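Colleague: Please model the entire structure based on the sequences and the hints provided.
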Amino acid sequence: MTHEVHAELDCRGMVCPRPIIELARHVEDVSIGELLAVVAEDPAARYDVPAWCRMREQEYVGADTAADGVTRYVVRRLR
Amino acid sequence: MTHPGGYLDSASSEPLHPAARESLLAALDRGYADPRRLHKAARDARLLLDNARAVVAECLEVRADEVTFTSSGTDAVHRGLLGLVRARRSRGDVILHSEVEHSAVRHAAAWGGRPRLVGAMGDGRVYDGDLVENATADVAVCALQSANHEVGTVQPVGEFRLPNDVPLFVDACASMGRLPLPRGWDALAGSAHKWGGPAGVGVLVVRRGARWESPFPEDDRVDHRGSGFENVPAALAAAAALRAVVSERAGTTARHHAMIDQVRAAATALPDTEVVGDPVDRLPHLVTFSCLYVNGEALVTELDRRGFGVASGSACTASSLEPSHVLAAMGALTHGNVRVSLTRETTPEQVDAFCAVLPEVVAGLRS
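First to last, the sequence lines map onto chains A and B. Numbering follows my numbering, with no gaps: position 64 of the first sequence is 59. Numbering follows my numbering, with no gaps: position 121 of the second sequence is 998.
Honestly, the hints are just simulated from the structure, not real lab data. Because the structure is a prediction, the values reported are computed rather than measured. Where hints are given, some of them may not hold.
To be verified - Restraint-style ranges between C-beta atoms, simulated for each label pair: (1) Glu17(A) with Gly1186(B): 27 to 33 Å; (2) Arg74(A) with Pro892(B): 46 to 52 Å; (3) Ala1127(B) with Asp24(A): 52 to 58 Å; (4) Pro895(B) with Asp59(A): 57 to 63 Å; (5) Asp63(A) with Glu1036(B): 47 to 53 Å; (6) Ala1230(B) with Ala19(A): 40 to 46 Å; (7) Leu902(B) with Arg49(A): 50 to 56 Å; (8) Ser980(B) with Met50(A): 23 to 29 Å; (9) Pro1033(B) with Ala58(A): 29 to 35 Å; (10) Ala1142(B) with Arg74(A): 34 to 40 Å; (11) His984(B) with Ala2(A): 37 to 43 Å; (12) Glu23(A) with His984(B): 43 to 49 Å; (13) Glu23(A) with Asp1005(B): 38 to 44 Å; (14) Ala1127(B) with Glu23(A): 51 to 57 Å.
To be verified - A few chain B residues that don't get close to chain A, going by computed Cβ distances all over 10 Å: (15) Leu905; (16) Val939; (17) His984; (18) Phe1106; (19) Arg1141; (20) Val1157; (21) Gly1213.
Said to hold, decoys possible - Here are a few chain A residues that face chain B, going by a calculated C-beta distance under 7 Å: (22) Gly8; (23) Cys11; (24) Ile16; (25) Pro38; (26) Ala39; (27) Tyr42; (28) Ala46.
Ideal placement from N, C-alpha and C gives every residue a C-beta, glycine not left out.
Modeller: Now the structure itself:
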């Protein structure tokens, strides 16, 4: 299933830790309670988006797939 | 000075112990002959090999006839694990192991059987219930590490409630010499260059009474569990180093614990940084931490520029495209990762210096 997100960060082609830096930079682009997706091919993102959420007290919602097949990691802003 | 004080990567390889150097040099001239022949030079080589085996057995508190020298720690892992599998092939070929095992175990399991993986908890430990639930009738062997090579967490291998008929292989490469061996295993492997012996020497221990069959072609050497011409001088040097580190262990362990506690505290004080692995029940000489928003390769390079040699499990380090499977399995942050591991010669002053530069290095890379 595809999550209804309020914003999407295009991190295609970026290598670690760039997608996580983008996530931290843009998490406040959405309101508290809203969803933000990171679209990334970087294999580390699969582990580091959930780890970032745990460390920064945000919620990792799960992963789905963008239209072009690239993985989207979905985060809910909690604070 | 062979090593600048900043070499903090003993978990990759410990510098050669002086006791090993001395034995190696002496044995190079004496241990060249084929230990299976009957002439004097051969008897001499055989004596040195048997002596090395006896010393290792005594240090590990096992029987001498349970010890085989192999050509590396990886070779000892392959032979130990796959030899147990081969002896039980009529039962099944599932190799039960944790997600945090060393790649030597993972590759051997994939090559020689059907791997079945159990996860690890946040501290790197396997949950007993997972192991028991997966130890079904088709499991040939369970393979677990004595302690994790990346995060240091000690795995309580002898305490898991495995069924009695499932043999246990223990990868003790990260802990041999540094911690006493655990109990309850059938075969076990170690690696000499991780305790200060020379590279190219592994130790395979197969319990008397354990069902083990060589997984590779036989070679009619002194010891039927190994193959290839014995490297007698290196085996003797490995044994000498092991004897030295075991006799020095109480002091080394206490020093290392205190210094690693200091590095842990320094890393914990960094913003957005998490220290990974059990804080107490761990290898004495090693700590791993990950810094948010920092490139692991840049961190290793900058620390190296300042004289500190450390390892990293981050994918952004040049050696791999995938991040460390250990960190991933533990749910830890995989980027900005650094593993610090002390040698027996690391001093408190060197650790002070490392802890002093760490905040500015991390802050510099984040800015």
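Colleague: It remains to establish, for every hint, whether it holds in the given structure.
Modeller: Taking the hints in turn, this is what the structure says about them:
| no. | hint | result |
| --- | --- | --- |
| 1 | Glu17(A) with Gly1186(B): 27 to 33 Å | 31 Å, holds |
| 2 | Arg74(A) with Pro892(B): 46 to 52 Å | 48 Å, holds |
| 3 | Ala1127(B) with Asp24(A): 52 to 58 Å | 56 Å, holds |
| 4 | Pro895(B) with Asp59(A): 57 to 63 Å | 58 Å, holds |
| 5 | Asp63(A) with Glu1036(B): 47 to 53 Å | 49 Å, holds |
| 6 | Ala1230(B) with Ala19(A): 40 to 46 Å | 31 Å, violated |
| 7 | Leu902(B) with Arg49(A): 50 to 56 Å | 52 Å, holds |
| 8 | Ser980(B) with Met50(A): 23 to 29 Å | 27 Å, holds |
| 9 | Pro1033(B) with Ala58(A): 29 to 35 Å | 33 Å, holds |
| 10 | Ala1142(B) with Arg74(A): 34 to 40 Å | 27 Å, violated |
| 11 | His984(B) with Ala2(A): 37 to 43 Å | 42 Å, holds |
| 12 | Glu23(A) with His984(B): 43 to 49 Å | 44 Å, holds |
| 13 | Glu23(A) with Asp1005(B): 38 to 44 Å | 43 Å, holds |
| 14 | Ala1127(B) with Glu23(A): 51 to 57 Å | 53 Å, holds |
| 15 | Leu905 | 46 Å, holds |
| 16 | Val939 | 38 Å, holds |
| 17 | His984 | 19 Å, holds |
| 18 | Phe1106 | 42 Å, holds |
| 19 | Arg1141 | 17 Å, holds |
| 20 | Val1157 | 22 Å, holds |
| 21 | Gly1213 | 6 Å, violated |
| 22 | Gly8 | 14 Å, violated |
| 23 | Cys11 | 4 Å, holds |
| 24 | Ile16 | 5 Å, holds |
| 25 | Pro38 | 5 Å, holds |
| 26 | Ala39 | 5 Å, holds |
| 27 | Tyr42 | 5 Å, holds |
| 28 | Ala46 | 4 Å, holds |
Checked against the numbered hints given earlier, the structure breaks hints 6, 10, 21, 22 and satisfies all the rest.
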